[in-house]
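S.K.: Put chain F on the given structure of chain Z with help from the hints.
Line order of the protein sequences matches chains Z and F.
Per the working numbering, the first sequence runs over residues 1 to 320.
Per the working numbering, the second sequence runs over residues 1 to 636.
These are computed hints drawn from the structure, not numbers from a lab.
Cβ coordinates follow ideal geometry from the N, Cα and C atoms, glycine included.
Heads up, some of the hints might be wrong.
Said to hold, decoys possible - Once the Cα atoms are required to be at most 27 Å apart in a straight line, the calculated DSS-like pairs of lysine-lysine come out as:
{"id": "1", "chain 1": "F", "residue 1": "LYS442", "chain 2": "Z", "residue 2": "LYS9"}
{"id": "2", "chain 1": "F", "residue 1": "LYS211", "chain 2": "F", "residue 2": "LYS186"}
{"id": "3", "chain 1": "F", "residue 1": "LYS426", "chain 2": "F", "residue 2": "LYS237"}
{"id": "4", "chain 1": "F", "residue 1": "LYS186", "chain 2": "Z", "residue 2": "LYS300"}
{"id": "5", "chain 1": "F", "residue 1": "LYS448", "chain 2": "Z", "residue 2": "LYS9"}
To be verified - Derived coverage of chain Z by chain F (criterion: at least 3 residues anywhere in the stretch with Cβ under 8 Å from a Cβ of chain F; other residues may be distant):
{"id": "6", "segment": "73 to 81"}
{"id": "7", "segment": "94 to 107"}
{"id": "8", "segment": "115 to 123"}
{"id": "9", "segment": "267 to 279"}
{"id": "10", "segment": "284 to 293"}
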Amino acid sequence: MALKLADYKTEVHNDWCPGCGDFGIVNALQMALAEMGIERDKATIFSGIGCSGKTSHFINTYGVHTLHGRVLTFAQGGKLANPEMTVVAVGGDGDGLGIGAGHFVAAGRRNVDMTYIIFDNGVYGLTKGQASPTLKLGEKTKSLPSPNTNYNVNPIGLAVASGFTFVARGYSYDVRHLKDLIIKAVRHKGLSFLDVLQPCPTYNDINTRDWYAGVDLAQESMERHSRIYKLEDTHFDPTVHYNDETEVNEKLSQALIKSLEWGNKIPIGIFYQNEIISQYSTRLTDKIPNYLENPPAKQKISENGVPTTDVSEILDSLRV
Amino acid sequence: MGSIDFTWLIGGPQGSGVDSGANVFSKVCAEMGYNIFGKREFYSNIKGEHSYFAVRVSDEEIHSNVNDVTLMASFDAETIFRHFNEVPKGGGIIYDSDLDKTTTDEVHTLDNYFKERLHKELESKNKPFTIAGVLEIAKEKGVNLYSVSFREILSTLAEKTENPKLKGLVRMFNVLAVSLSLGLIKMPLDPLLQSIDSIFSKKPQIAEINKQAANFAYDYAKSKFSSFQYALTGTTKQPDTILVQGHFGTSIGKMVSGCRFQSYYPITPASDESVYLESHELLEIQNDRPGSTIVIQTEDEISAMGMMIGAALTGTRSSTSTSGPGFALMTEALGWAGINEVPIVITLYQRSGPSTGLPTRHGQDDLLFAVYAGHGDFPKIVYASGDIEESFYDTGRCFNYADVYQIPVIHMMDKFLSSSVVTCKKFDPQKISIDRGLLLDKVEGVYKRFAFTDDGISPRSRLGLDNGIFWNTGDESDESGHITEDPQVRIKMMDKRMSRLDLVTKRIPSDEQVVSFGVHDYTVISWGSTKGPILDAISMLKKEGIDIGFIQIKLIHPFPSDYVQSLLKDTKTIIDIEANHSGQLGKIFRQNISREIDYFVLKYTGRGMTSTEIYDSLKKIVENKANKREVLSHGA
Chain Z
1 MALKLADYKT EVHNDWCPGC GDFGIVNALQ MALAEMGIER DKATIFSGIG
51 CSGKTSHFIN TYGVHTLHGR VLTFAQGGKL ANPEMTVVAV GGDGDGLGIG
101 AGHFVAAGRR NVDMTYIIFD NGVYGLTKGQ ASPTLKLGEK TKSLPSPNTN
151 YNVNPIGLAV ASGFTFVARG YSYDVRHLKD LIIKAVRHKG LSFLDVLQPC
201 PTYNDINTRD WYAGVDLAQE SMERHSRIYK LEDTHFDPTV HYNDETEVNE
251 KLSQALIKSL EWGNKIPIGI FYQNEIISQY STRLTDKIPN YLENPPAKQK
301 ISENGVPTTD VSEILDSLRV
Chain F
1 MGSIDFTWLI GGPQGSGVDS GANVFSKVCA EMGYNIFGKR EFYSNIKGEH
51 SYFAVRVSDE EIHSNVNDVT LMASFDAETI FRHFNEVPKG GGIIYDSDLD
101 KTTTDEVHTL DNYFKERLHK ELESKNKPFT IAGVLEIAKE KGVNLYSVSF
151 REILSTLAEK TENPKLKGLV RMFNVLAVSL SLGLIKMPLD PLLQSIDSIF
201 SKKPQIAEIN KQAANFAYDY AKSKFSSFQY ALTGTTKQPD TILVQGHFGT
251 SIGKMVSGCR FQSYYPITPA SDESVYLESH ELLEIQNDRP GSTIVIQTED
301 EISAMGMMIG AALTGTRSST STSGPGFALM TEALGWAGIN EVPIVITLYQ
351 RSGPSTGLPT RHGQDDLLFA VYAGHGDFPK IVYASGDIEE SFYDTGRCFN
401 YADVYQIPVI HMMDKFLSSS VVTCKKFDPQ KISIDRGLLL DKVEGVYKRF
451 AFTDDGISPR SRLGLDNGIF WNTGDESDES GHITEDPQVR IKMMDKRMSR
501 LDLVTKRIPS DEQVVSFGVH DYTVISWGST KGPILDAISM LKKEGIDIGF
551 IQIKLIHPFP SDYVQSLLKD TKTIIDIEAN HSGQLGKIFR QNISREIDYF
601 VLKYTGRGMT STEIYDSLKK IVENKANKRE VLSHGA
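Chain F extracted, bound-state conformation:
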């Protein structure tokens, strides 16, 4: 990595402004020209449980988080108890000195499993079960401790500004934590002040109080804190950089791709996308009157799916966004879309299953489910994006695949992507093309919706089109769409639909199917959001002279067997890296290519992989010290 590789962590009870603190910090760093990779972790809870945000900052390109936290900004005890061990020698912890005596038992949201592990550690080091105890461990390790009384800051400020209300404003602890951090690492304060203005644009008085607090804390850190070896003084800003949250890629991608109907039922972590689309429902259209996206919150995912299909039958590009439990409810209608050759896009933001699982945590648990979703044989496409930037362009592809091949497309996303905040190159809408396939604008003569054609794809009319009348049914049907149970028509119709799968692998350009980042003796295969940490781990190893290949499989179903096989023909060792228990891509790989996976690197704690973890396991594999199945566990 470059001269700056810095991770800042902020934590606190949910609802205390951890997110906004982190967003502001990320924005300031991005404004200074740095690359950002931030991730958000939170409980399935509205208020009170521990959440945290780790923002990695670098002057080089980064695609992941690392294990170490360079500077931790805490304003509650739980953050210190849970994360003190992540700060290495030379790192720093900003903490509230009023918490020194707080015991583990006084933090009600610390669960017993965690407490037991922590107590064991404290006992072994002969430390009390208090904040002072854990901080002693940190200090002995060589961590810099920056102690400050948050309440004292507020009362001094209240006196100075003659505003006694300030004294009790614990809601400002997050602003204090960010400002203290910026002061410590010598970043400018202006971007923070501007952010406060924009966040509280409708409440100028609150903005003013926050700005006073920010200024005060910033100066406090600069004057009172001892020196810290890290300073983020800025770097050359890359042109056309944007700072985006996880769901922006698919949301803005949908707008550009012409998706005009989205139905959904609320579910974590998918609904942010639909809410974003509705917040931007009015669309500007070049050389035309304004357009709009109709976003409908339905009574359940079954309805979301039915409405989307109904809308798609009118020729409207239509979509839904959901997560595993919701997708489970959608599978019946998925088969209906399959047998009726309806182009739809389901954006599947996976989380940890099974059942409700870890509802706010990450997992790539639903690959096999997506591939096999629905009863009966019917064609579909399962397509996976590796990062937020990619997901913008992939959304365009998914709609084209759906229209051109007249089949449902499942676009695999996940919680790791959805709760990341990253800098990337500004999305370029010109790079998205729109191909509606054989969608008809007018019909002449006798029309049959499911007419047998040379390649099995029939011209597609839409509900309401002049002379384009057709019928749909979930039963087997003839060319007009009327029910038939004739065995010979059945063969022809099944063959017509299923032949679509061969067309997909033949016609979709190979670089859209699989992205090869180089192939070596050791080559990683993976899919989805593991891409970032894998790329960073591989470049860490390259610096040590170890070459590891990586192929990112994007088209998972139908599986591009021939292409993958040809790419891997000279590879000696294949390593499958996935965030699930069973190595689901590995199973698909073995089913399609008669070759064994040599090593699995898996994680199913619900927390995303860090590049550090992947680096460590790849190193073990290369050194021949690894188990066939390496299971990762980093992260609180």
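Just chain Z, with the same shape it has in the complex:
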């Protein structure tokens, strides 16, 4: 029986604030899973801590709600032990780029075949609106006692520099576009990263839905002035097509330059994609040829309680 969108929803009450951008992301994720027809018991959503951390409870697949900043570590462990699973990790920008920044960089270096989605809203919502790593220097969202004293992290730039092989940005109020991006990210062979701009209606009174829609820019005229535009509507080609240093460097630099665009024009879509770089499972199969057919989670380790691992060669080499 074909799976429907409703099959990917749980009955858990969703307690996000009315109007929260997170709803768009969870909907897009459920739609993407349904469209790809991924069996519910063959997918695991790993999540971090914070409002976005609750995501895994709203999706009717395996769900692992982990620790603040650590979601990528749990997710990589799960994927490496059972590579047949579809793995999506989600978390906030504070989670992934503040407390978890080290894991973010290290994950890029590994390039495990999974997807990481950051719910990027510039604030720590669940602890009442402190500044998070993507909030710009000098900005003062409403619950900050004084303007932000830290420079912001550039999530797209950091991902590109860390070795992520699929780097894209979505917008939580463009659910269809986001759904398509998620599908591309999941199908990408390697580690994909999605930075999703997600207005927090309660604590971020700067980067609001109206702000992204460019309502302030439109005051003088009746014409639409949305700040958001799509890279695919331009001549931007994010893909590394052949294994050549110049080609790779060009694509990396253009992604980095594009990631700096902010203010009145904010690009969404795919910034960078490189499927030429080996994914981690390939690096493993280079030394463990049957890793994918017989991964850790599938290995038989005993027969009626008796271990079947044969270490006699090792023990004989130690014999005196």
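M.R.: Coordinates of chain F only, in the frame set by chain Z:
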């Protein structure tokens, strides 16, 4: 002890081949049928600081080092300055005659604290602050001095073999020191030559040069050195003996137990285990296709812990190996594994703390930390191995405990164990059983991961299993694993998890919890690697007609209070022996059993205990001459 009880010590700057020299010597002795107990001491340094290896050799079973060094093989001045006092009357020192005039000030790696103590001694005996000075003291004590010019050996050899390159090859000093020793104590040279061949199997020319040097030095010692009262001519070889390094027990134990995922961050003295596992990542499986261990070096210990838990959720037996500082970073996720009932094994190779402490030295400093690690109340098992052989079988137990009780297990090991080299009975994989507890292979009907059951243990699905969907969260959760803050569910869930502790002490066989080596009026309680020196000290005392009991506590948390209490009911005096400052087991003991520890024997210099030291303190205790707290300090 038997007719042979011989300790050989080799020392030198780190990076000069002290270890390989000692490994070869140990191998030769083991091949000759002797039992070996070797320990390695080294600085937190890559090259230049003083390291040494003491190998005790006996034809009887031995479990420890002793204070005395029978024969010291030195090729640098620092080894002589630091260890000459350990050689007793009748013992011997092989040394490089070119060093005679070397002063203490010329040895830059001799620290001022040590130099001050040494100068005081030399002054009091009216000796110069030179190698000649300290050797005079040794000679007056009755130590045999075997003087040889290492450089001269090399140049003679260079001439003889018409290979002028040999002259400057100071890297061969270690081979010379071993060969001179073997010649002096009349051991055969062949095993050494074979070892050289296997070490340099890919560099036959270097092997050849080393073998020439070995032969030459061996003959030199035989012909030029005056007689020595010790000869190691061999003894009956015990069948099925293996020569193992400290981390082999847990590493090979993990392979056999079916651990297929290990994540770790480099740290002394734990990473040897992970490196060994990765070096043997391809596994042979009976009647099946090859298996493998996935070993991942992570960006930090937090990640090592997260990855291990993620892998464990797929039903894979998963583990990490770390030391105190790394374990400190793991404690947050330890609680996550606790509340989510995830079976994991953390192999904790302790070293001296606090903080970085003595990073390459021994300590049993982390027992209380392990027992109390993590915030909030959650169940875990803390289990301690007493020696390398035991650690192989205990690794199997730890994985079974983790699976059966669905809780994290912390397997306590330490630096004393990890840098020992010993002979023991060949590990028997058939003695390890695999019990995965309530791990499911298929799921029918409605599944709830944390379903309330009679004994509090719920059938366990795994990520990716058909129809077995569940949720995990670090929040309090309901039976499905969804967040709840309901006070009544909270009570039931806390009770469900914590009831596991009673099950552990009730269901685990008592001989796996505590090993009793006899109980007497005076009985020692201890845990971990002190086992070996305690056993040897007790047998020394037994020979003098003094009976001392010993119970080795392996299951430390949850503490087997009733069983320990029943074992000790007739004991009059309880002696707690531990390698830490505060007597951590003693604290746990008093907390669980309302009885005072009568004596503490403690050591926290970072060096392992010798049986001599324990013998001395137990004797003082029996003679009623001891302080309540005896602090040991032997070892350079």
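S.K.: Now look at each hint and say whether the structure bears it out.
M.R.: Here's how the hints hold up against the structure:
1. LYS442(F) with LYS9(Z): 23 Å, holds
2. LYS211(F) with LYS186(F): Distance of about 18 Å is within 27 Å: holds.
3. LYS426(F) with LYS237(F): Holds: LYS426(F) and LYS237(F) sit about 13 Å apart, inside 27 Å.
4. LYS186(F) with LYS300(Z): Violated, at roughly 51 Å.
5. LYS448(F) with LYS9(Z): 17 Å, holds
6. 73 to 81: holds (count 9)
7. 94 to 107: holds (count 4)
8. 115 to 123: Contact hint for the segment 115 to 123 of chain Z vs chain F: violated, 0 residues under 8 Å.
9. 267 to 279: Check failed, 0 qualifying residues.
10. 284 to 293: With 6 residues in contact (Cβ-Cβ under 8 Å with chain F), the coverage given for the segment 284 to 293 of chain Z holds.
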